Structure formats: structure tokens, C-alpha cells
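S.K.: Protein chains in written order, with numbering that gives the first Met the number 0: chain A, 0 to 140; chain B, 0 to 485.
Check each hint, because a few of them may be wrong.
[What the hints assert, rightly or not] Simulated restraints, written as ranges between beta carbons of each label pair:
1) 447(B) - 129(A): 29 to 39 angstroms
2) 91(A) - 256(B): 30 to 40 angstroms
3) 185(B) - 114(A): 16 to 26 angstroms
4) 253(B) - 15(A): 52 to 62 angstroms
5) 144(B) - 92(A): 21 to 31 angstroms
6) 253(B) - 138(A): 47 to 57 angstroms
7) 451(B) - 51(A): 30 to 40 angstroms
[To be verified] Simulated coverage check for chain A against chain B, where a stretch passes if three residues somewhere in it have a Cβ under 8 angstroms from a Cβ of chain B:
8) 4–11
9) 14–23
10) 42–51
11) 68–76
12) 128–134
Since the hints were made in silico from the structure, they are not lab data.
Please read these numbers as outputs of a predicted model, since none were measured by experiment.
C-beta: ideal position from N, C-alpha, C; glycine also.
Letter by letter, the chains look like this.
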Amino acid sequence: MRVTQGCFSFLPDLTDEQISRQVQYCLGKGWAVNIEFTDDPHPRNNFWEMWGLPMFDLHDAAGVLMELNECRKVYGDRYIRMSAFDSSHGWESVRLSFIVNRPKQEPGFRLDRHEANGRNIRYTTKSYAVDRPEGMRYGDK
Amino acid sequence: MNEQSMTVRGKDRYKSGVMEYKKMGYWEPDYEPKDTDIIALFRVTPQDGVDPIEASAAVAGESSTATWTVVWTDRLTAAEKYRAKCYRVDPVPNSPGQYFAYIAYDLDLFENGSIANLSASIIGNVFGFKPLKALRLEDMRLPVAYVKTFQGPATGIVVERERMDKFGRPLLGATVKPKLGLSGRNYGRVVYEALKGGLDFTKDDENINSQPFMHWRERFLYCMEAVNKAQAASGEIKGTYLNVTAGTMEDMYERAEFAKELGSVVIMIDLVIGYTAIQSMAKWARRNDMILHLHRAGHSTYTRQRNHGVSFRVIAKWMRLAGVDHIHAGTVVGKLEGDPATTRGYYDICREDFNRMQLEHGVFFDQNWASLNKLMPVASGGIHAGQMHQLLDHLGEDVVLQFGGGTIGHPMGIQAGATANRVALEAMILARNEGRDYLHEGPEILAKAAQTCTPLKSALEVWKDVTFNYESTDMPDYAPTASVSM
Numbered sequence: 000m001r002v003t004q005g006c007f008s009f010l011p012d013l014t015d016e017q018i019s020r021q022v023q024y025c026l027g028k029g030w031a032v033n034i035e036f037t038d039d040p041h042p043r044n045n046f047w048e049m050w051g052l053p054m055f056d057l058h059d060a061a062g063v064l065m066e067l068n069e070c071r072k073v074y075g076d077r078y079i080r081m082s083a084f085d086s087s088h089g090w091e092s093v094r095l096s097f098i099v100n101r102p103k104q105e106p107g108f109r110l111d112r113h114e115a116n117g118r119n120i121r122y123t124t125k126s127y128a129v130d131r132p133e134g135m136r137y138g139d140k
Numbered sequence: 000m001n002e003q004s005m006t007v008r009g010k011d012r013y014k015s016g017v018m019e020y021k022k023m024g025y026w027e028p029d030y031e032p033k034d035t036d037i038i039a040l041f042r043v044t045p046q047d048g049v050d051p052i053e054a055s056a057a058v059a060g061e062s063s064t065a066t067w068t069v070v071w072t073d074r075l076t077a078a079e080k081y082r083a084k085c086y087r088v089d090p091v092p093n094s095p096g097q098y099f100a101y102i103a104y105d106l107d108l109f110e111n112g113s114i115a116n117l118s119a120s121i122i123g124n125v126f127g128f129k130p131l132k133a134l135r136l137e138d139m140r141l142p143v144a145y146v147k148t149f150q151g152p153a154t155g156i157v158v159e160r161e162r163m164d165k166f167g168r169p170l171l172g173a174t175v176k177p178k179l180g181l182s183g184r185n186y187g188r189v190v191y192e193a194l195k196g197g198l199d200f201t202k203d204d205e206n207i208n209s210q211p212f213m214h215w216r217e218r219f220l221y222c223m224e225a226v227n228k229a230q231a232a233s234g235e236i237k238g239t240y241l242n243v244t245a246g247t248m249e250d251m252y253e254r255a256e257f258a259k260e261l262g263s264v265v266i267m268i269d270l271v272i273g274y275t276a277i278q279s280m281a282k283w284a285r286r287n288d289m290i291l292h293l294h295r296a297g298h299s300t301y302t303r304q305r306n307h308g309v310s311f312r313v314i315a316k317w318m319r320l321a322g323v324d325h326i327h328a329g330t331v332v333g334k335l336e337g338d339p340a341t342t343r344g345y346y347d348i349c350r351e352d353f354n355r356m357q358l359e360h361g362v363f364f365d366q367n368w369a370s371l372n373k374l375m376p377v378a379s380g381g382i383h384a385g386q387m388h389q390l391l392d393h394l395g396e397d398v399v400l401q402f403g404g405g406t407i408g409h410p411m412g413i414q415a416g417a418t419a420n421r422v423a424l425e426a427m428i429l430a431r432n433e434g435r436d437y438l439h440e441g442p443e444i445l446a447k448a449a450q451t452c453t454p455l456k457s458a459l460e461v462w463k464d465v466t467f468n469y470e471s472t473d474m475p476d477y478a479p480t481a482s483v484s485m
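Hey, can you work out the whole structure from these sequences and the hints?
M.R.: Here you go:
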């Protein structure tokens, strides 16, 4: 299974050079890039953990890549994404987000069906990984 | 031709009998529109022999206080305030016999927050007026004071993206085909395949309501199974526009409530349900955290011909006020009417906070939207993966690209069709962000992406020669260099 959140998940995993060009695009737009990681990639888990603060006032993608590699050293067994924030009026939101690191094995999600009234079914999407405690969800780390 | 006022004043103005509209105070070339006035721009085609000024003054009169004869009861009112004032008439470039008439209306002529009232005033009476051969409402300037009386899009582009967790690229959709005849179970199959393959949305067609072959509850139940299954399979939020269009408001509310109960993130309505019904559903959508998709069913009956009707740019403005979140606004390259410059104008109206007057895009006025939510335009009808670079160039990234046939007609199946579109899109965005000249290198970028994606390769092969190159019937009247001082 491959989690296809983010802007480029249907393409082969981006190389660091490709990541760097996307980051440069964001910085060129004046957006602040943030590195976020999680081991709970549920589609409605909005708040991945932040690797420090969004990198405001940065001009060179190299700095972001350096931070990404630091993050990978610690959380390389988890999902890591880049999110770019636009503070301009009328947006004030994420403008680009893409996954830059994945666990080796992506166990994916189970769909629980709970039969309710009539033919209604209540659906729950559950990550197989979250059956284990945080930090022990992927591989043996 | 903008000569001076001919208005008769004083006692003579109210002598019983018939008086020309231009003498009754509906032609005021010296009038300076107030910031709070609503301004309408009409394309007037007078009958042969009718003075264009008189024809334009008649439009102002008949869309505000006038009737065919002088009435003394005007004198019981602040009549001068309530008269719409035509303040400018220009010949339409390269169109003999046609005139642009600018008409200003005082804000007090309109009810707050009511498209029904606004449209009943501006287009309610005057389009059948005998001295005119034809009449078209081209554009409107809506003052901030009036804009602020409307809810605006229930969700808006920013919140829709946050809720769907999709940033930085157009959203992808497909209309389920065939439009008619699928059972609920078969219908849900198409939804599942398309969403699992990589689309964000699927969509009911405008005339999928509740027919003998598939009643609405069947459709909703099977569609939500499909949405949830695809969501679990991909780890992404998915949606399907459940069309709640029905014969009565009560039926529509019932269907919308059921969609909510089943956990749908989006519902859909058709333009033909009427402005008031649209505003009611927009309020419902805001109250119930629902994205509201509008299919512009029927609009071409009055938007397409250049000389008569209402321009789609006006409909787009009304719908942004009315509060829908999605509106079909043209593809440029697909099978339906859409000149690139005119379509650009529609997209700007949907998405910008401030529209500059741009005559070359058919936008006649500066329009301040005063932070009203942005409305997501939808491009649907005869588009395919091979056009991705052109679509991105014409339409930008805040748009839903809907490939119905271009997904479901894929030779390797619906999932493959969806994957082809998604890969083509992501490859194009990646290239654009890298600073490549994606419009010209588009075919090359797609071919490269197809090397690692067989479905894309096969899509490019099947539809490689499909284009819809016909003359547009609705284009801007001004070349890119024209400018008109206001």
C-alpha cells in the first residue's frame, strides 16, 4: 500500500534534488516551509508533529534540506512531509504539501463497517500501524 | 454620443401622457455613479430607427421605476433617487447597431442578500421590451455595501483545501458515465474505481436525481461505501458530489440530511433549481460543514448568444454571492463553449478578491469582493490527460479538473484512467514548480511521466488527436490593447 497524500505521491519518490527544487519554488513565493512527521498517517490526522518551527525568512533551499536530513536521522522510519505556508491575505494557509519520506513498509488502513439503522453503515478508517504504541509502529525501531 | 441631459424638470415632468424615457430622468450623462450604486452594463440592440440613447434610457426606466406613461404617484416618492440612471452609451466595437449602456441603480432599490430580488429588478421586465431587438446583461459592478449582505461560498477554496487535505495542485474529478441507467450498485462501482485510481472527487451528472433505474437513497448508500473504501485504500480524503436536486425544497433538504448522515463531505445542486433554492442550500451547507457543488445546468440557453440574454460572468458573480463552493466555468480546450479570454474572466471572478477591469477578458468593472470566500471553478466536458499542460496554463491550480470520459473511457479500465490523469497532473505541477516551460514542453513532460506509468502511456495514445476546435460564439468585444476610462 502507498499513502497517496500530498502533491506528488503518484510519482516515483522524489530525489533530494527534486525536493530541493520544490522547496526553492516555495521560498521564491515567500512561503515558509515546515517539516512535519508522523507515524499515524490517518487521512484526517491534520496535525503531524512539527520539526521545529516553520522556516520563515529563508532564501536558500539548502537550509531546508539540511533540516530534512536531520529529521530523517531521527524519524527516518516515519512519514515526513514538507508543507509551505502562505501568510498573504485571502490565503493564510498551506499552499503546497508533499511527502518526502516514508516507512519501508506501509501497512495501510482497515475499513471497519458498523451496521446501523436500516441499510446505513458507519465507516471507520483505522491505520493498522496505530495498534502499536507511538514510536514502535514501523519496523523495529 | 454622450450628449447632455434632456431631463424635463419641475411641473412639466409630471404632465399626464407619454414622454420619452430620456426626458423622464433615465438618461443622465453627467451622473457620477456613487460607490454604493449597483452598476449594470447592457448590450442594447435597438429596433431599426430607435434612438440608442432612448433605447438605453428605456432599459434604465423599465428596470427601475418607469412604466409606459407618466404617473403622478411618482410625486409621492423620492423619485429621483429611485430612478436608474443611464449615464453612458457607447457603440460596441465592430458590431453595427449594438450599444453598451451603463446604468447605475441606487442601493435602496434592492433587498439585502437576495439574488431573486437583484435579478427580478435588473432582468425581470426589460428583456421583452418591444423597441429592442435584443438585450444582454454583460456585467455588473456590485458595491461592497451590497456584497457584504451575502453569505458567499459556504466553504470557499481555502477551507475546502484544508478540509480535503489537498494543496498545490488542481483537484481531480470525474462525472460517472453513462449518465443514466446504472443501478445504485453499478454506479458505486464506477465511483470506487475512479477514486481508488487517484481522483479526489466523483460527480453525479445534472440529471441524476431519483429515477426508476436508481432511486436516490440507493445511490447515496453505494456511493458512500465506495468513498470510504477508496479512502482507506489510499489514505486520502475522497468525496463524491451527491446531487440533491429534487422537485421541492423539502425533498432537497431530506436528501442533503441523508448525505450528511452518511458522512459525505460534498453535495451538489443544479442551477435550474433557482436562485432562492440555491441560497437556501448554501445556508444549509454552511450550517452543516458541507462543500456545495453547483452544476450550471441550463445556463447556455441564456448565456451563449452574444446579443441576447445574460453573460455567464454575471451568473458567476451572482453565484459567488449566493454561496456555492464549486461552479462549472469552462475548460477552454474541451467540448463546450469557451473562448480562452472570456473564460479567464469567469475564473478571475470566481477566485480573486479584487477584479480589475479587463476589457480583453470581458470584465468591464473593478469589483471588490471584500473578502467573500473564493469560489472554486470546475472544468468539465471533453478534456483528457494529454491536455494537462494546456489546462494548467489556461485555468491555473485552483480548479477542479473533471475527466469523465477521459477516466471511464480508458482502455485499461477506470482505475487506470484515474491514475493516468493523476500522474499527468502531478508531473506537470512538478515541472511547473521547477521552473520549466511546461506549456511548450508539455507533451515531452507527459511522455517522460508515461515511461513509468503504463496507464498514462495508453491514455496519451488513445486520445492523442482529440481536440474540439470550433469558433466561439461569445468572445470579448475589445482587443487586448483597448482601454476605456471609467
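S.K.: Against this structure, judge whether each hint is valid.
M.R.: We went through each hint and held it up to the structure:
| no. | hint | verdict |
| --- | --- | --- |
| 1 | 447(B) - 129(A): 29 to 39 angstroms | holds (38 angstroms) |
| 2 | 91(A) - 256(B): 30 to 40 angstroms | holds (32 angstroms) |
| 3 | 185(B) - 114(A): 16 to 26 angstroms | holds (23 angstroms) |
| 4 | 253(B) - 15(A): 52 to 62 angstroms | holds (54 angstroms) |
| 5 | 144(B) - 92(A): 21 to 31 angstroms | holds (28 angstroms) |
| 6 | 253(B) - 138(A): 47 to 57 angstroms | holds (50 angstroms) |
| 7 | 451(B) - 51(A): 30 to 40 angstroms | holds (34 angstroms) |
| 8 | 4–11 | holds (count 7) |
| 9 | 14–23 | holds (count 3) |
| 10 | 42–51 | holds (count 3) |
| 11 | 68–76 | violated (count 0) |
| 12 | 128–134 | violated (count 0) |
The structure fails to meet hints 11 and 12 from the earlier list, while all remaining hints are met.
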